[in-house]
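*Asks:* Taking the hints into account, I'd like the entire structure generated from these sequences.
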Amino acid sequence: MLELDGLTRAFGPVVALDHLSLRVAPGELVGLLGPNGAGKSTAIRMVFGLLRPHAGEVRWEGRPVTQAERRRFGYLPEERGLYPKMEVHEQLVYLARLHGLDAAAASAGTDGWLARMGLSDRAHDNVEQLSLGNQQRVQLAAALVHDPVLAVLDEPFAGLDPVAVDVLSATLAERTAAGAAVVFSSHQLDLVEDLCQAVVVIDHGRLVMSGPVRQLKEGSGRRRLRVRVDGGGPAWAEGLDGVTVTSHGDAGTTLALSPGTDPLAVLDRARAAGAVSDFGLELPSLSELFREAVAR
Amino acid sequence: MVRLVVGREVRQRARTRAFRIATVVLMLVALGGVALPHFLGHSTTTYRIGLAGPAPAGTGPALDAAARATGAGVQVSTLASATQASSEVRTGRLDAALVDGSRIVTQKTSSSPATQLVDRAVATARLADRLAAAGAPPPEVSSLISPRPLPVSVLHPPVPSADANRRLGLAGGVLLYLLLLSYGMATAYGVLEEKTNRLADVLLSMVRPAQLLAGKILGIGLIGVVQLLVAAVPAGALALALGSLHVPAGTPLTFLAVLAWFLLGYSLYSCAFAGLASLVGRQEDLASALTPLSFLLLGGYGLAFNAAFGNPDGVLATVSSFVPPFAPMVMVVRAATGHLAPWEVPLSMVLVALTTAGLIMVASRVYSGAILRTGAKVRLRDAYRAGTSETRSVISADAADEAVPAH
Numbered sequence: 000m001l002e003l004d005g006l007t008r009a010f011g012p013v014v015a016l017d018h019l020s021l022r023v024a025p026g027e028l029v030g031l032l033g034p035n036g037a038g039k040s041t042a043i044r045m046v047f048g049l050l051r052p053h054a055g056e057v058r059w060e061g062r063p064v065t066q067a068e069r070r071r072f073g074y075l076p077e078e079r080g081l082y083p084k085m086e087v088h089e090q091l092v093y094l095a096r097l098h099g100l101d102a103a104a105a106s107a108g109t110d111g112w113l114a115r116m117g118l119s120d121r122a123h124d125n126v127e128q129l130s131l132g133n134q135q136r137v138q139l140a141a142a143l144v145h146d147p148v149l150a151v152l153d154e155p156f157a158g159l160d161p162v163a164v165d166v167l168s169a170t171l172a173e174r175t176a177a178g179a180a181v182v183f184s185s186h187q188l189d190l191v192e193d194l195c196q197a198v199v200v201i202d203h204g205r206l207v208m209s210g211p212v213r214q215l216k217e218g219s220g221r222r223r224l225r226v227r228v229d230g231g232g233p234a235w236a237e238g239l240d241g242v243t244v245t246s247h248g249d250a251g252t253t254l255a256l257s258p259g260t261d262p263l264a265v266l267d268r269a270r271a272a273g274a275v276s277d278f279g280l281e282l283p284s285l286s287e288l289f290r291e292a293v294a295r
Numbered sequence: 000m001v002r003l004v005v006g007r008e009v010r011q012r013a014r015t016r017a018f019r020i021a022t023v024v025l026m027l028v029a030l031g032g033v034a035l036p037h038f039l040g041h042s043t044t045t046y047r048i049g050l051a052g053p054a055p056a057g058t059g060p061a062l063d064a065a066a067r068a069t070g071a072g073v074q075v076s077t078l079a080s081a082t083q084a085s086s087e088v089r090t091g092r093l094d095a096a097l098v099d100g101s102r103i104v105t106q107k108t109s110s111s112p113a114t115q116l117v118d119r120a121v122a123t124a125r126l127a128d129r130l131a132a133a134g135a136p137p138p139e140v141s142s143l144i145s146p147r148p149l150p151v152s153v154l155h156p157p158v159p160s161a162d163a164n165r166r167l168g169l170a171g172g173v174l175l176y177l178l179l180l181s182y183g184m185a186t187a188y189g190v191l192e193e194k195t196n197r198l199a200d201v202l203l204s205m206v207r208p209a210q211l212l213a214g215k216i217l218g219i220g221l222i223g224v225v226q227l228l229v230a231a232v233p234a235g236a237l238a239l240a241l242g243s244l245h246v247p248a249g250t251p252l253t254f255l256a257v258l259a260w261f262l263l264g265y266s267l268y269s270c271a272f273a274g275l276a277s278l279v280g281r282q283e284d285l286a287s288a289l290t291p292l293s294f295l296l297l298g299g300y301g302l303a304f305n306a307a308f309g310n311p312d313g314v315l316a317t318v319s320s321f322v323p324p325f326a327p328m329v330m331v332v333r334a335a336t337g338h339l340a341p342w343e344v345p346l347s348m349v350l351v352a353l354t355t356a357g358l359i360m361v362a363s364r365v366y367s368g369a370i371l372r373t374g375a376k377v378r379l380r381d382a383y384r385a386g387t388s389e390t391r392s393v394i395s396a397d398a399a400d401e402a403v404p405a406h
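Protein chains in written order, with numbering that gives the first Met the number 0: chain A, 0 to 295; chain B, 0 to 406.
Since the hints were made in silico from the structure, they are not lab data. We put the CB at the ideal spot given by N, CA and C, even for glycine. The reader is advised that the hints may include incorrect statements.
[Claimed, not checked] Taking lysine to any residue and the SDA-like style, the derived pairs with C-alpha atoms no more than 20 angstroms apart in a straight line are:
#1 A:Lys-84 - B:Arg-12
#2 A:Lys-84 - B:Arg-197
#3 A:Lys-84 - B:Arg-14
#4 B:Lys-107 - B:Leu-50
[Said to hold, decoys possible] Just a sample of chain A residues kept apart from chain B, beta carbon distances all over 10 angstroms, derived:
#5 Gly-11
#6 Asn-35
#7 Pro-63
#8 Gln-128
#9 Ala-157
#10 Pro-161
#11 Thr-175
#12 Leu-190
#13 Arg-221
#14 Gly-230
#15 Gly-231
#16 Gly-238
#17 Thr-253
#18 Gly-259
#19 Asp-277
#20 Ala-292
*Replies:* Written out as structure tokens, the structure reads:
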């Protein structure tokens, strides 16, 4: 169990983290969300002892994290970093050994990860000879090569092609199923929604929303209503209590219903305006919840 | 942990083209230093002697034997006439000529090593001739002409000239300057490489700053020692094989001094180079950040020249050989040329070691306070304040980290 407890840090007058607390349990895949400058990377760097909090503490299994434990973690930093003039294979073996693997395990792990990332044929190229996307794959392999008990990945999906996104998604799900705790930050909310059981949203260094995705959606009380009224604009929906028109197009009109609004009452108004050819009630998307959370 | 970092540094650096070229160049310079004086030295002590007209039987072998006895060589040529003998000597193609076995022609003085050589050879040949005529057995005669040299006990071997010592010491000082500068720069670039390529975040999530710094400094220092040995060993072997008399006797000792002072000087300078490099944000700013160190090294270089060409035991040379940043370069020169009291070198070494110990603490703290702060140049004072004042030594930290099983 990773616990961030009351982390607080200011850089001069700017408060980067303001009593941030959150937990990630083994077997949990958590998405860390927040607008730019919310404090995600600051919090992540504190997990790895790269930045000291002015107040608060990072704990692993209930105790302050030690250097020896950090070696069992996997870290993908916001700013990627590899030795440009070092061979891919040798570099991954070196990093795996710093993570505590012996030479044989480090080499075997490296071979496996290069195969998984589709880079086996580039194993003996220098890192600088690889495209940026491939360097990103190497960096991911470096963070995961030692099968970490906790992986904290800062924007792991940034810069990956769709195939690599699939590989990484599968890998993260696999690591979680094997009992590891995995946290990653991302701005690709659809991806996070598909992948994560739980999300944490921070803004201005504070926790603004957290919990299992399904629970957050249902608990919000918000509904999304899609109605198509043949031959009509969205005018019929305007002025209804608790209803906001969010979009209108060929597929119909999308409405956001505030908690307590009866969808069937809305349907009645639609039928009064014309023939209804499509009607659907949906939970809000993660990005809607996110926007609402950070707008407060 | 430190071992892994050291291993990477050594492997990566040994593979670079720059390292290989520098090692080969150093090796060739050292080999040349041994071989050239050896081969050039011998060609100057060969006497060129001409024989015109009939000479006593056995003059040739007698010339050979006489030359060998003085440690020289001789080259004998037969001439057609006395006229030719005169002209060959006049033009300098011959050192001396023997005409009709009775007259010596030479260029300037009547008694030169060449004329003495011919004189002795003729006398020996005549003596042998008489002995043979008196019935002495031929082996005895030939052993008289070319006697086996008697063993010689040298009571006071000649001291190498002051000039040779001066050159030797200065070569050591200049070599140290080059090594300290290039290995100091290598450390600085290594630190900056990890900072500007954002490797510091990844590495320091696993390794303590002091461990990373120690591994880098030890690794680069190790490769420096390897380079020195690889360059010196073939030259040493060649000197032994040639039995060269032209290598100054103090050379092995000066080489050991260079090695020892490299270790001490590198420890001192590499900490300073690494600490200052960690402050820098961009490669372009590195040279200006390191200027103070370049000046200190250059100062040591100048003071080494002062010690070699001025008075090695004068006030400036003596004082500067105890000032830690200058001591390696100056003390090597003084040890080769001066007359040191037995306590001088140990005291100077202790001073450098103590300074290094203090600098390690400061540099490690500055490094840990600056290495993760990318962007603009970090001020030295800010880095020192932000750095961890971890007093545990790297070794014990390493042991503590290893003690917990990784999995």
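*Asks:* None of the hints should be skipped; say for each whether it holds.
*Replies:* Hints, one by one, checked against the model:
Restraint check for Lys-84 (chain A) and Arg-12 (chain B): the C-alpha separation of about 11 angstroms stays at or below 20 angstroms, so the hint holds. For the hint linking Lys-84 (chain A) to Arg-197 (chain B), the alpha-carbon distance of about 14 angstroms falls within 20 angstroms, and the restraint holds. Between Lys-84 (chain A) and Arg-14 (chain B) the CA atoms are separated by roughly 11 angstroms; this keeps the pair inside 20 angstroms, and the hint holds. At most 20 angstroms may separate the alpha-carbon atoms for a hinted pair to count; Lys-107 (chain B) and Leu-50 (chain B) meet this at roughly 18 angstroms.
At roughly 12 angstroms, the least C-beta separation between Gly-11 (chain A) and chain B is larger than 10 angstroms, which holds for a residue marked as non-interface. Every CB of chain B lies more than 10 angstroms from the CB of Asn-35 (chain A), the least distance being 17 angstroms, so the non-interface label holds. Interface exclusion of Pro-63 (chain A) from chain B stands, the closest Cβ pair being 14 angstroms apart, more than 10 angstroms. Annotated as non-interface, Gln-128 (chain A) keeps its C-beta farther than 10 angstroms from every C-beta of chain B; the closest such distance is 15 angstroms.
Residue-level check passed: Ala-157 (chain A) sits 15 angstroms from the nearest beta carbon of chain B, beyond 10 angstroms. Every CB of chain B is more than 10 angstroms from the CB of Pro-161 (chain A) (nearest about 26 angstroms), matching its label as outside the interface. No beta-carbon of chain B is positioned within 10 angstroms of the beta-carbon of Thr-175 (chain A); the least distance is around 18 angstroms. Here Leu-190 (chain A) stays apart from chain B, with its beta-carbon at least about 24 angstroms from theirs, past the 10 angstroms limit.
Arg-221 (chain A), annotated as away from the interface, keeps every beta carbon of chain B farther than 10 angstroms; the closest lies near 39 angstroms. For Gly-230 (chain A), the condition that its CB be more than 10 angstroms from all CB atoms of chain B holds, with the nearest at approximately 58 angstroms. Taking the minimum C-beta to C-beta distance to chain B, about 56 angstroms, the non-interface status of Gly-231 (chain A) holds against the 10 angstroms cut. With a closest Cβ-Cβ approach of about 53 angstroms to chain B, Gly-238 (chain A) is found to remain outside the 10 angstroms limit, as its non-interface label requires.
No Cβ of chain B approaches the Cβ of Thr-253 (chain A) within 10 angstroms, the least distance being about 43 angstroms, so the stated non-interface status holds. Every CB of chain B lies more than 10 angstroms from the CB of Gly-259 (chain A), the least distance being 48 angstroms, so the non-interface label holds. Chain B leaves Asp-277 (chain A) outside its interface by the beta-carbon criterion, the shortest separation being 51 angstroms against a cut-off of 10 angstroms. Distance check for Ala-292 (chain A) against chain B: the nearest CB is about 29 angstroms away, which clears 10 angstroms, and the non-interface claim stands.
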